[in-house]
Structures are given as structure tokens and as C-alpha cells.
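K.L.:
Same order as they appear, the protein sequences are chains A and B.
The numbering used here puts the first residue of the first sequence at 1, with every later residue one more than the last.
The numbering used here puts the first residue of the second sequence at 259, with every later residue one more than the last.
Note that these hints are calculated values from the structure, not bench results.
Computed from a prediction, not measured in an experiment: that's the story for all the values here.
Hints are not guaranteed to be accurate.
Stated by the list, open to error - List time: in silico DSBU-like cross-link candidates among lysine-lysine, alpha-carbon distance up to 30 Å:
| # | chain 1 | residue 1 | chain 2 | residue 2 |
| --- | --- | --- | --- | --- |
| 1 | A | K27 | B | K550 |
| 2 | B | K537 | B | K616 |
| 3 | A | K70 | B | K286 |
| 4 | B | K302 | B | K286 |
| 5 | B | K665 | A | K42 |
| 6 | A | K83 | A | K112 |
| 7 | A | K124 | A | K112 |
| 8 | A | K85 | A | K70 |
| 9 | B | K537 | A | K27 |
| 10 | B | K665 | A | K27 |
| 11 | A | K92 | B | K665 |
Claimed, not checked - Listed below are several chain B residues computed to face chain A (Cβ distance under 7 Å; list not exhaustive):
| # | residue |
| --- | --- |
| 12 | D361 |
| 13 | L364 |
| 14 | T365 |
| 15 | H560 |
| 16 | C561 |
| 17 | E586 |
Ideal Cβ positions, reconstructed from N, Cα and C, are used throughout, including at glycine.
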Amino acid sequence: MNNFRVFSDSAKGIMHENQDVGLAKVKANHAYLIVSDGHGGKDYIRSHIGAKHAVLALEAIFNDFASNYKNFDSINHAEQTLKEKIITSWRKLTIDHYINNPLPSYEIDPYKLYGATLLGVLLKDDYMVVIQIGDGNILALLENEDIVQYFKKDKKLVGNETTSICEINAIKDLHVKIVKLNVLPILIMVTTDGVINSFTDINDFYSLPKEVVMEIKSLGFNKTCQNFRQLLNDMVNKGSGDDCTVAILYNFSPTNFK
Amino acid sequence: MFKNGEILNNSIKIIDFIGSGGQGEVYKVQYQDALLALKWYYPKSGTKQLKKTLANLISKGSPNDFFLWPLALVEYNNQFGYLMELRPKTYKSLLDWVSLKFDMSLTSISKACFKLTDAFHKLHAKGLSYKDISFGNLFIDPNCGDILICDNDNVTANGINVSGLLGTPKFMAPEIVMGSTIPNTETDQFSLAILLFYILLISHPFDGALEANIKCFDESSLSKLYGTNAIFIYDKLNDVNRPVPGIHNNAINLWKLYPQYIKELFNNTFTLGVKNPAKRTRESQWRNAFLKLYNSLTKCSHCGMENIYDIEVLNTRGKLEPCILCNEEYPIAPRIRINNNVVVLDDEKQLFISHIKKSDPSNLSVIAEVRELNSEFYLTNVSKDIWKYITTSETINILPQQVVNLKDNSMIDFGLVKGEIRF
Ligand SMILES: [Zn+2]
Numbered sequence: 001m002n003n004f005r006v007f008s009d010s011a012k013g014i015m016h017e018n019q020d021v022g023l024a025k026v027k028a029n030h031a032y033l034i035v036s037d038g039h040g041g042k043d044y045i046r047s048h049i050g051a052k053h054a055v056l057a058l059e060a061i062f063n064d065f066a067s068n069y070k071n072f073d074s075i076n077h078a079e080q081t082l083k084e085k086i087i088t089s090w091r092k093l094t095i096d097h098y099i100n101n102p103l104p105s106y107e108i109d110p111y112k113l114y115g116a117t118l119l120g121v122l123l124k125d126d127y128m129v130v131i132q133i134g135d136g137n138i139l140a141l142l143e144n145e146d147i148v149q150y151f152k153k154d155k156k157l158v159g160n161e162t163t164s165i166c167e168i169n170a171i172k173d174l175h176v177k178i179v180k181l182n183v184l185p186i187l188i189m190v191t192t193d194g195v196i197n198s199f200t201d202i203n204d205f206y207s208l209p210k211e212v213v214m215e216i217k218s219l220g221f222n223k224t225c226q227n228f229r230q231l232l233n234d235m236v237n238k239g240s241g242d243d244c245t246v247a248i249l250y251n252f253s254p255t256n257f258k
Numbered sequence: 259m260f261k262n263g264e265i266l267n268n269s270i271k272i273i274d275f276i277g278s279g280g281q282g283e284v285y286k287v288q289y290q291d292a293l294l295a296l297k298w299y300y301p302k303s304g305t306k307q308l309k310k311t312l313a314n315l316i317s318k319g320s321p322n323d324f325f326l327w328p329l330a331l332v333e334y335n336n337q338f339g340y341l342m343e344l345r346p347k348t349y350k351s352l353l354d355w356v357s358l359k360f361d362m363s364l365t366s367i368s369k370a371c372f373k374l375t376d377a378f379h380k381l382h383a384k385g386l387s388y389k390d391i392s393f394g395n396l397f398i399d400p401n402c403g404d405i406l407i408c409d410n411d412n413v414t415a416n417g418i419n420v421s422g423l424l425g426t427p428k429f430m431a432p433e434i435v436m437g438s439t440i441p442n443t444e445t446d447q448f449s450l451a452i453l454l455f456y457i458l459l460i461s462h463p464f465d466g467a468l469e470a471n472i473k474c475f476d477e478s479s480l481s482k483l484y485g486t487n488a489i490f491i492y493d494k495l496n497d498v499n500r501p502v503p504g505i506h507n508n509a510i511n512l513w514k515l516y517p518q519y520i521k522e523l524f525n526n527t528f529t530l531g532v533k534n535p536a537k538r539t540r541e542s543q544w545r546n547a548f549l550k551l552y553n554s555l556t557k558c559s560h561c562g563m564e565n566i567y568d569i570e571v572l573n574t575r576g577k578l579e580p581c582i583l584c585n586e587e588y589p590i591a592p593r594i595r596i597n598n599n600v601v602v603l604d605d606e607k608q609l610f611i612s613h614i615k616k617s618d619p620s621n622l623s624v625i626a627e628v629r630e631l632n633s634e635f636y637l638t639n640v641s642k643d644i645w646k647y648i649t650t651s652e653t654i655n656i657l658p659q660q661v662v663n664l665k666d667n668s669m670i671d672f673g674l675v676k677g678e679i680r681f
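One chain only, chain B, in its complex shape (with noise of 0.2 Å):
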């Protein structure tokens, strides 16, 4: 619709064309001295009410940093469109996670769901809903878990709904396939229960052998398979819509890897939840769930594949299991128990404010840094504050940038809370 140069409003200058949607397309624009992005509607999309919804959000603000979330409305020629921040290029699609084009780490993942989990969990809390969370909305940083959540536009009060939009096909809730609801926060939570099993199992919850011996979909099978019938391919009760070796390999393999706690939400949510929405796993519980498996992640010494320190396991079996690439035992790094977390102080792990501070539960600002040297472990201070380190022996002040060498049976005072040390 834009050449490249044509300056709109005399603000706003078009530096190069992004992309097209169905609802309009997308440009790298200059305005004042900021790189930005500019979505600008086509002519039927952009409705009367679509500018008041934009303009609604423009003035609520963004609920955390990792919306890309309308910041200006921009009119020109009796159209319309608005301003965000360019997505840089760091980030990654997600449909190219699912088609297996990038790697990412566990501790991306865990990192990269807690941020997700706790972003709806604000969006919610704002009294807003995102209607259509599927896995061409999301970017992910993989380097460091790092999120952006785009097209934010249909984002609007909770059980009100301007475009008609219900969602994506196999993200939808199955009450929405069903045609029984428009899009509200517990099909939100449903459908980001499916973007977390896509993003931890690079499958789909309820495509097992039910989907695999359909020969021809049609609306009464879909809704068979997505809807309020549907079948979770992990359903403890009922075992006929199980993942088919073959043809759902990554569910069958990935399904193992987990720990009890982050299955059950998964349970919750499509089992029980099918059917009635207050049974879903709520935002915070997949948060602190998430946190749990960051704290857990310990890499194993001899391939540095990652492995998770399962309590669980632990204190049924004795022993964990070997490493899940190599097969080989390795030694486990030492864990600290804050309040009744437990974090492996595994090399580069970082402890987090949401560690220390329970009031500050979404808090990802780094306090602590861990690192190995000759199997000895070592943790750096580099927050602000002057914390304790408590040996059977002694007490010395741990200034920020200052790096204790951890021992057994000591202790570490964050002021707010101690820490044990144990090897």
C-alpha cells in the first residue's frame, strides 16, 4: 500500500515493507529517531470498532515487556493502522520450533514458558483476552528464552468480541469448536495449555491414534477429535487415544523426559478441563511449574546433555537415572533450598529475584550467578545488596561482584531469606 520513502502525516516515513496478513500488512517505519513497525489495515478490515479496541489498548498500556503491544494509532487517507516496536531479529518463530528448524535448550524452554505463562497471567489479570494464542503468534529468543507475543491487536475485554474472530484451528477451546462460547480467558488457558505441550513435546495433545485412523476430516470428526468429546492422548482413564509409534515419535519420546508435576497440569487441563474450563491449570501454576523445572535442570558432565534432577524420583528409587543421552551416571552439582525450593547450583545456572522474594514471584532479574572450576562451584553475587556466607566455621560478607566457593553445609543470608548449601 506504501511505497518505500513516502512520508505519512509528515511523521512517519516508510523505510521497508515486513509482510501481509489477512488483515492488512506491515512495515519497518522511521518515526522521530525510532526504527519501528507500522501495521497498517486494509480497508475492510479496519472497522469503526477495530479503532476503538486499538485505542483502548494504546491507553491500558502493555501488561509486561514481552507484548509487542500497539503504542500510537496512526490515520492517513481515512485509514488507519498503528505503531509497535520492530521484533528483532533474534527471535524465532515458533512454527519453525515445530518444524524442528532451530535447537533450544531445556533451560531456554523453562525459561521461555515461565515468561509466556506469566504474560497471559498479567494480560488476564488487566481483565483483557488474547483469543487467538497459537504458534504463529509467539517469537522466542532461543539463546536466552526471551518472548514476544504479536498481533495484539484482537486482544480485547474479556468475553467481548469485535472481530468475530474464535481462534486457530487445534488451538481453539473445545467449547469454541463446539460453537457453545466466544473466545474468553479459559479458553485462553486452554489454548495456551496446547502451545506449552507444542513447545515442551513438539506434538499436538489430542492428535493420537484416533486422529491417526481418520481417513477423511470432516466437521463432525473434527469436532470429535477438538472438541468437547476429545480425547487426551495421555488420559490416565482411558488409554485409546494414545500417540502411535511412527507417526507421533516426538510426543511418545519427549513425554518421558518430564517430571510427574508438569504432566499433571497437562492432565488437568485435558482431561477434566475439556469439559469444564474451571478444572484448566491456571497461568501461575504453570509459572511456578516452569520455575520448578529451571531449578531442577542440571547438565550431565561428560556430554552436557541436560538432565532433570527429579526429587521425586529421587526419594522413590534412591537414585536418579543416567544421563538420558550418554547413559552414564554423573556427578550432581550442589543445591540450594530457598524456602521450599530447591535449585541444582549447576554450572551458569542463575538464581533469579523470584528465588528470594515471594511477594515478587514473576521477577526474572538475575542475583547470582554459579560457575564450575576443577568440580569446585563457585557463586557470584551480582545484585546490589550485601549478602551473608555462613560456614560451620565462619561469616563473611559477600559484596555484590564478590564469588564465594561453596561448601557443604553452609549457608547463604539474601537478607530476605537464607539459603542451604547442600553437596
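Only chain A is shown next, with the shape it has when bound in the complex (with noise of 0.2 Å):
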């Protein structure tokens, strides 16, 4: 995985507390990219702590999965597997934490309290897990310059709207799915919403991780992350004011699987 190079920030909102997580990692055999936005609004007061349990849970199951899964007989199977890993470790720590901090006056199904979005991408040898509960956008940027968006944006959400994982049948609106690559993308971008509606023209927003590329390829990694950091903070002051995070992993050789 040394041709990896990964990035991950998040730029608090105007409002409140940030209650988006991000996460990228490179490990010896493996990388991924989580990123997750507690819903925020007073019926979702420890969303913050859901979103941190969300990407604390998909990490364990992302590492768990790059060293024991080796069976791609029946992918359907794995994909329901991770769907019901992610739901049950996400309910187990948000159950803990409600039970040690309960409120007393509180009548609603508690989990509720701990609402969030989780978007996440695994890469692995010649396959990448990518798995999807609520609004954001994953977007892979390959050799040919296409872009490839990930589950496009559910029917369910309308306006502000969106799924998330604390809802009781959640598991529904999990989407998992397992792609055999042939050849890797050059550029995964993970957001939250908070990014795509910081754009004006939504073409800007699907040209960006060319333009991460371009700049990669002039500035070095480096640089560019630290003007990813400052692009972040803008628009969370000139965009939607809602928390930024981003996700992002660069593969400066992309290599052909035969």
C-alpha cells in the first residue's frame, strides 16, 4: 500500500460544536477512508458522539475484513454480513455509552439521540469496500478521467432530509457493496454534505478531485493538504456554514490487475 498517501480533515460549522468525523488511514495491506455527520437539532443532542462511534465502529470492521475475508464466492453474503456487523457494533457502543450517561427525563428510543450519516471506503489488493448510510458523496476519479459516484443520492432524501443509522431499520438504508477492481482510481473523495452544498455550480464539486490531482502533481502532497484545509474552512464561511470533512486517498501509481 506505499503507493498510497492519504488526507483527512474536518472544518467545524458556525453553529455548534462539529459533529462530523473524518478518518483516513494507510495500514501494510490496506487503506480507508471513513468519514461520518452526527445530524445536529435539538432531538439529536450526542449525534457528535454517534458519529465518532460510527467511524470507530466501520474502522474495526474495515480492519477486521482486509485480514480475514478471502471468500469472493459469494459476495452477496459478505455484503450482508457487513451490513449487520456495522449496525449491530454501531448500536452496541451508542447502548454502552446511553446506559453509563443516561437521561432521565427522556422518553424517545435512545439511539435517536446519537444520529449520524457514515460513509466509508476500504482498499484492498484488487478489490474496495464502499459502504454508504445517509446523505454525502463518495467519488472515485479514474485513469481515464471519469468520475464514478457511488450510490446516487437516495430517493428518501428530499431537502434536508436524510437516513441515518440510528433509525431502526437502518439496515435498509445501509447500502454495502463489495467491487472487484481492474484497474485502481487515482483519487477517492469521502465528503459530507457539508461540501457538496458549499457549491454553487454542483460541476465544481465533481470537478475537485481533478483539480486535488492537478494540484498534487505541481505542489506535492503536502501543500495541497494544506490548502485543502484552508478550502475547507471557506466554505464552511462563504458556503453552507454546516461542518466540512473530507476523506481523501491518492494513489500516485495506479497499477493494471490482469
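Got two chains here, separate frames each, mind docking them using the hints?
P.N.:
This is how it looks when you write it as C-alpha cells:
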């Protein structure tokens, strides 16, 4: 995985404490990107904690999957198992937290307090695991400069509504896809919805991955990361005002698989 | 010698053959409810003296959990062997490490070397010596750095040699190569340093230009290269035996990675310590150095590569080197100073009992774990004790399993000692 460079950062919105969490890591044999956006609002007072739980739960599941999963005969089964694991581990972390920190006069489903979205990509060898529940974007830039968006916006997601990991039937809204790759993408970008919402022209958002790659090629990875940090702050201040979080993986020597 | 399903002494059932060596064979067996390993000696190896040695080892007990120690003597049909624990599959042979068959992080390497040197510290403290330290006898779990030391049936009281065993070529101390002594604690210390050199540098400390120039290995060349005239490839005062590019690439590339305090410990053993065993690095010095190495490891945020936060470099040059892999500068995680040790609180770093309890320097029981999210650092108390978290504005309790978001200029009171946090 030495060909990969990763970056993640999160800029806090104007109104509240940061409800977004972002993570990007390269390990010896795999790499992953994860972001989560806590819902915010009065019903979701612990969504920043829920977002952390979601990221940590998925990270553990990705690491386990990368070291233990070998059998690709039954991809559907593997995807289903991943869905169940993600929901179960998030609920376990969340209910443990609630039991240790109960709210005496609270009357609705405690999981709602922790509502969040979750998006993630695991890259290993010649496959990629992509997961998403709720809004946000997962984009991949291919060598021929095509942009692939995994999981188009859910029909359910009208206006500011989002599906959430906290819902009782979240497993139905959770998308999990194991993608076999012929060639690794050049860049993968995972963002919370604050990022796309800060663009007045949506096409500018979709050309972001290509611009990032051009910048890396001319300025180097470190400088590009610093610039992206500034860009995220600008997005918050001039754009949506919402938290903006990104996780990026750059692959500086794409490999063709036979 | 045994068939699967055969039952010895109405109690030990042979399950499977595992392997054989010069002295005997090893079987997987069932004894009561446990699955164990049985080492069974060939009649020519199973001497009365060896049986006595084994009985002595069994009664002394294992120095710590890292030895696959003899548990019980088994006698059957006028022959004998002993029971020991099975080696789990997650452990890999160091032979496979030096032939690059698996990968291991610096975190695992530093933990494994800590455990290895501590294990020999404890063995020697019992008045025993191992006599045949080499990579054939050591197994490592590369994921966590746990180790297992096998073939402990050669262990005897220091200075007593039952089996006539002198050790493995290229691991033997110079005075054994020259035939002037038998294996003992100090020769163990020399072999241990060679083993550590292999783990860290995947090369031999005396294989340099001199070895490369020898066309034919005879006894006199071996004693010259590995005997009391042996010259360390990085001897500071004598550069005749430096590693040769193209032949000794590991020694050249990996030596650069390690901090000066590790290099000094090798230097002591492989220069002055060649002729003078008292100058060899002691196990506790190694152990402290490997904890220091673990403390200083930090991952590059861009490429995930482990780098060393080298305070000596920082002090002399004013800044750290860029990442050894991607060559970019990367932000350094917060550090905690506990007593005189600085630990980088990098993502996934653990604090151990040994960090806070001076009287328990070899205890690697985990007491705290660090996580990084959104470039913020969180520390979880995984001990059973209540700590205090002290910032400039407040003091709060950190209960077991509780998480604190770390801030610059804060302090953790662990009870026994305080740790100061700096960003
Ligand atoms: Zn790097």
C-alpha cells in the first residue's frame, strides 16, 4: 500500500460544536477513508458522539475484513454480513454510552440522540468496499478521468432529510458494495454533505477530484493538504455554514490488474 | 515413532505428528482436556543427564509466559519426552522474517525485542543460561509483537553444559568459536545481540566487506570473521568491514533508521564486547532502549509509515527529518512526559504499567489507549484506577473506560506519577 497517500480533515460549522468526524489511514496491506456527520438539532443532542461511534465501529470492521476476508464466492453474503456488523457494532457502542450516561426524563428511542450518517471506503489488493448511509458523497477519479459516484442520492433524501444509522430499520437504508477492480482509481474522495452544499455550481464539486490531483502533481501532497484545509474553512465561512469534512486517498501509481 | 490415536500411559493420546529435529520428534497430543505438544527424544539423545536436566527445569518453572517451557516429564517404554504448550498458528518463525516472508511493523518489532530481552533477563536471573540463541528457536506474532522461545530443553544452570551443545554457527560468541569457553550467561548476551541485529536489520553484524572478499570458508577464516578478531560492520574506529552495496543492502538501508542509543548498544557488544564479555550490553539496557523506541514511534499522516520521533535529532537540527517513505513533512502527535520518558501519543499508541511504575519496568499490561479523530487526540483509561485530568482551568476524574480529549499543557495524574502533555 506504499503507493497511497491519505488526508482527512474537518472544519467546524458556524453554529455549533463539530458534529462531523473524518478518518483516513494507510495500513501495511490496506487503506481506508471514513466520514460521519452527526445530524445536529434538538432531537440529536449526542450526534457528535454517535458520529465518532460510527467511524470507530466501521474502522474496526474494515480492519477485520481486510485481514480475514478471503472468500469472494459469495459477495452478496459478505455484503449482508457487513451491513449487520456495522449496525450492530454502532448500536452496541451507542447503548453502552447511553447506559453510562442516561437522561432521566428522556422518552424516545435513545439511539435517536446519537443519529449520524456514515460513509466509508476500504481499499485492498484488487477490491474496494464502499459503504454509505445518509447523505454525503463518495467519488472516485479513474485513470481515463471519468468520475464515478457510488450510491446516487437516495430517493428518500428530499431537502434536508437524510437516512440515518440510528433508525430502527437502518439496515435497509445502508448501502454496502464490494467492488472488484480492474484498475485502482487515482483518487478517492469521501465528503459529508456540507462540502457539496457549499458549492453554488454542483459541477464544480464534481471537478474537485481532478483539481486535487493536478495540484498534488504540481505542489506535492503535503502542500495540497494544507491548501485543502484552508478550502474547507472557506467552504464553511462562505458556503453552507455546515461542518465540512473530507477524506482523500491518492494513488500515485495506479496498478492494472490482469 | 508413534501412530495417530496411540495412547501412552493410559492418559496421553497422540493426535498428530508435528515435526522432527536432531534430538527427537514433536507430536500434538491430548492430555486430559488439553491439547499440548509432546517432544519425544530418540534413544541416542535421551540420556539420563538430559532427563535430570528436564526434571530440574520443570521444577524451577518457566521464567515468564514467553517460553514454551517443559511442563511435565513423560516416560514410556524406557524412553522419555516432555509435554509443553502448543505454539499457536499466529506465531511465525524468525527464519521466515529474515527471508522476508512476512511483514512486521516497527511497533511490533520494538514490543517483540522488549519481550525477548526481558525474557532472557528473567532466565538469567534464575541462574540459568539458554546456550543456543538463534533465529530457529524464536517465534513472533507479527500483529502484536508477542514472542515464544522454543527448545528450552538445552537450558541449564549457568556454566554447566550437559549436551555438549555449543550453539548455532554465526550466533556463537567469539570465545566459543575459539574454543576457550562453554556457553554461559555472557555468551548468551552476545548471541542475543546477534539475534536482535537480525530482527532490526535483517542482516549479520559481522557480514561486511571481509566476508564478501573470502572465496573459501575454512576454519581459520571463520574464526577470523566470527572469532575474537571479528570486526563489527559499523565499528566506529575501524571501517575495514563496512557492508557492501549490492550485497549487504539491508544492513546499509536499515541502519540509517535507528536512533543513536540503539546503535551504541550494538556497538558496545560488537566492538569492545567481542574480546571483553563484561562490556556487552545487558538485557535490561536493551529492554529500556526498546521501550524508548516504542515510545518514539509516530505514523506519518500522509502515508501511514512509522517514523521515529528522535529527540536528539530535534535538539541538534531544530527539526525532525521528513517521512522516511513519502519524504513529506508531517504533523507530530502530542507527547506525554512521564518521569524522564517522552511518549508520542500517536493514534493507537498504548501506555503500559511500565510507563508509570518504576518498580515494574517489564510490565506491558495496557493502561491507556490513544485515538486520533479530526486531528484531535483522545485517551481512554483502560486501567482499573481513577486518574485525574488537570488542565489550566479545571481538574476532572478519568474513570476506567472514560475518554478525555487531550489539550496542550494539560496533565494526567496516574496516582503513582504525573504525566505532562505537550503539543
Ligand atoms: Zn509519509
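K.L.:
Need the list of violated hint numbers for this structure, in ascending order.
P.N.:
7, 9, 13 and 14
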